[in-house]
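Asker: The primary structure of each chain is shown beneath.
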Amino acid sequence: MIKLFSLKQQKKDGEPTPRSGNQKKASAAQLRITKDINELNLPKTCNTEFPDPDDLLNFKVIICPDEGFYKGGKFTFSFKVGPNYPHEPPKVKCETPVYHPNIDLEGNVCLNILREDWKPVLTINSIVYGLQYLFLEPNPEDPLNKEAAEVLQTNRRLFECNVQKALRGGYVGSIFFERCMK
Amino acid sequence: MSNSSSSQGHDSSSHRWNHLKKVLERPGPFCHPEFECSPETLNFLMSSCKILVVGAGGLGCELLKNLAMMGFKHIHVIDMDTIDLSNLNRQFLFRQKDIGSSKAEVAAKFINARVPGCNVVPHFCKIQDFDSDFYRQFHIVVCGLDSIIARRWINGMLVSLLSYDDNEELDPSSIIPMIDGGTEGFKGSARVILPGMSACVDCTLDLYPPQVVYPLCTIASTPRLPEHCIEYVKVIQWPKENPFDASIDGDDPTHLNWIFEKASERATQYGILGVTYRLVQGVVKNIIPAVASTNAVVAAACATEVFKMATSCCKPLNNFMIFNDIDGIYTYLYEAEKNENCLACKPSSIPKYLKLTSNEMKLQELIQLLMDSPTFRMKNPGLAVNIEGKNRTLYMSTVPSIEVKTRENLKKKLSELDIHDGTKIMIADATTPNTIEIVLSIPTFMEMSNE
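So the protein sequences, as listed, match chains G and P. Mapping the first sequence onto our numbering, position 149 (from 1) lands on 149, and the numbers just tick up by one. Mapping the second sequence onto our numbering, position 252 (from 1) lands on 252, and the numbers just tick up by one.
Derived from the structure by calculation, the hints contain no laboratory data. We put the beta carbon where it would ideally sit given N, CA and C, even for glycine. Possibly wrong hints are sitting among the right ones.
[Unchecked claim] Some, not all, of what chain P presents toward chain G, calculated at C-beta under 7 Å:
| no. | residue |
| --- | --- |
| 1 | ASP131 |
| 2 | GLN281 |
| 3 | ALA384 |
| 4 | THR393 |
| 5 | VAL399 |
| 6 | ILE402 |
| 7 | THR406 |
| 8 | ASN409 |
| 9 | LYS411 |
| 10 | THR423 |
| 11 | MET426 |
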C-alpha cells in the first residue's frame, strides 16, 4: 500500500488537474452539452425546440407561464452555447418582444446566473428555471426596461394592464408589441 | 469519553485523545510496515484532514458520530433528504421536532454542539449540484448511500479527478479514496476504493442485483403475487385513471390508500392473498427495511477504514467486506478485482472499447445493449457521434423535439448511420457525471461474410 498523504500535505483548492494524452476527443463543450441536454427535466410550461437535432449548441426554449402576470403568453428564447461552455454561460436572448422589467426590447435578458452568478456547475436546466422564475416574479430592482420597472413599482394594477395589452398585441406607450398569446 | 470542560478537547495535547495516541504514537507489531509513529499524525488528522460524508441517513448519522469522536474536525456532509418520522428509530441525530428539516443540516448542528472542536459543514442538496472543484478539496470520501446511481456518480467524479503523466502513470496525489458502506436489512457491506488503483464501483457493477421489475404482461394478465397487483395499479391503472391529477407521491396517504384499495380489488378478483397497506407502501416507495445494528456495524467498519487511510497506521481493508447477521454472525473479506476495461476508471487517454458482432446491428439494439449489459447498465442513454468534425445526434429519448427527429435512426443499421469499426460515440447517461466516449470495435470479416 502506498502512503497516500504525506503528513502535512494540504490540498490546494481549485488547482487544475493536468491531463495527458490529448488525443482527439470531442470538445469539452460538446461533451458537456450532450450531458446537459440528455438530462433536461423541464416543467410542463417549458419546451425545447432543436431546429437541427445534430446541433446541440443552438436551440430554442419556449416558455408558456401558467400563472402570474404573464399567464397565457408564449415566449421564445434562443440559446447559443459557446466553445467555452461550461466555463462561460450560454448566450440567451428573448425572441418574443415582451413588456417586462428584466427583458429589454432587443431581447436582452437580465438574469443573474446568465452573467455574474454563472458557475460551471449550473446547467441548461437551471437557466430555464431561472427564466421561468422571471415571468413569475419580475424584479423591478434590477431593471432592463426602466419604464416597465417603474410602473411595476408604483402601480401594480397598471403594470398588469400593460402586460395584458402587450400580450394581446398593442401599444404600451409608444411601443407596439406583437401578439404573443399561447 | 471525558466529560470535562469543552475547551480541553480543542488541541491534540488534551488527554481526551489518549486512546488515539496509544495507536498513533507507539510502534507495534500490527502496524503498517511503513508507519512511523509520531504526534504529527494525530495533528494531521485533527487539523488538516478533510472528510466528505455522502448521505446523512442511517449510515451517515453513525459515520458522523464515529468520525467526530475519532478526532476528525473538518467534515462536510451532503444529503438532499429531509427527516421523516420513520427515520427516528435509528438516525439518532434527529428528534421529533426535526421532522421535515434537512438531514444534513440537523446532523451537522447536532455533532457540532455535541463534540467540542468538531466542525461539520452541511450541504442540503444533491451530489450533482457540486462540480470537481468541490470534490477535489477532500482527502477522503465516505459514502452511506441507498442508491447505486449515486454511488456510480461519486465514483465517476473521483475517477475524473485522477491525473496521469505522459507515461500513463497515475499521480498518487490525485487519488481520493472512497469508502463505501451499504446495508439492506441484516446484510451489509463495506469496501475501500482507491480510484485508478483498485476495483471501483463500476468495475464490479455486476455485483449489484438488478432492481426487481415485473414483466408488464405478467402484471397485466397473469398476476400471481400481491406485488403484481400493486404494480398493476401503479403502472397501468394510475396513469389511466389519474385519480388525483398528479403523479404518485409515495408519501401521500391518500395516494397510497387509493392504490391499496384498487390493488385489493384486483387481488380478490384473482384470488391472491397478502395485499396490505404496508406492502403497498413498500412496493410504491421501494422500501428496504433498515436495521439499526447493521448500520452501526457497517459504519464502524467504514469509519475505521477512514482512520487507517488518514493515518496510514494500519493496512486498509483489501477491499470488500460483507456482513450478515441473520443467523449468527457471518463476515467475509475478499479482494474485488479491477476491471481493465472498466468504463469508469480506465484512464481517459486510453480509449474504451465496446465490441459488437456486426455493424448490421440496429441503433435500437445498441441502445438496448447499453441498458442491459452488465458492464453498462445505463438508464436513459443519449447518443451522439462526431464524424469528420461534424456532430450528429443519433438518438436522445429525453428531449421530445430531438426524440421525434432522431426516432427513425433507431431502425437504421449502424452501417447506414456511417458507424463503423473504430467510430467513437459519445454517450450521456444518468449513471455518469460526464458524457463518456466509447470506441466501437466491429470485426470487419462479418461485413464480408454478409456479402
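Asker: Does each hint fit the structure? Answer for all of them.
Answerer: Hint by hint, here is what the structure shows:
Annotation: P:ASP131 was flagged as interfacial toward chain G, and the flag holds, the nearest CB pair being 4 Å apart, inside 7 Å. Violation of the interface hint for P:GLN281 is found here, the shortest Cβ-Cβ separation to chain G being roughly 26 Å, above the 7 Å cut-off. A cut of 7 Å between beta carbons decides the hint on P:ALA384: the least distance to chain G is about 5 Å, and the hint holds. Interface hint status for P:THR393: upheld, as the beta-carbon distance to the closest one in chain G is roughly 5 Å, under 7 Å.
The interface hint given for P:VAL399 is met, as the beta carbon of that residue sits about 6 Å from the closest beta carbon of chain G, less than 7 Å. Evaluation of the P:ILE402 hint against chain G yields a held restraint, the C-beta minimum of about 5 Å falling below 7 Å. At a threshold of 7 Å, the smallest CB-CB gap from P:THR406 to chain G is about 5 Å, leaving the interface hint in force. Look at P:ASN409: its Cβ only gets to about 10 Å from chain G, farther than 7 Å, so that hint breaks.
Given hint, P:LYS411 at the interface with chain G, is violated; its Cβ is 16 Å from that chain's nearest Cβ, farther than 7 Å. Using the Cβ-Cβ criterion of 7 Å, the hint placing P:THR423 at the interface with chain G is not satisfied: the shortest such distance is roughly 12 Å. A cut of 7 Å between beta carbons decides the hint on P:MET426: the least distance to chain G is about 5 Å, and the hint holds.
Hint check: violations occur at hints 2, 8, 9, 10; the rest are consistent with the structure.
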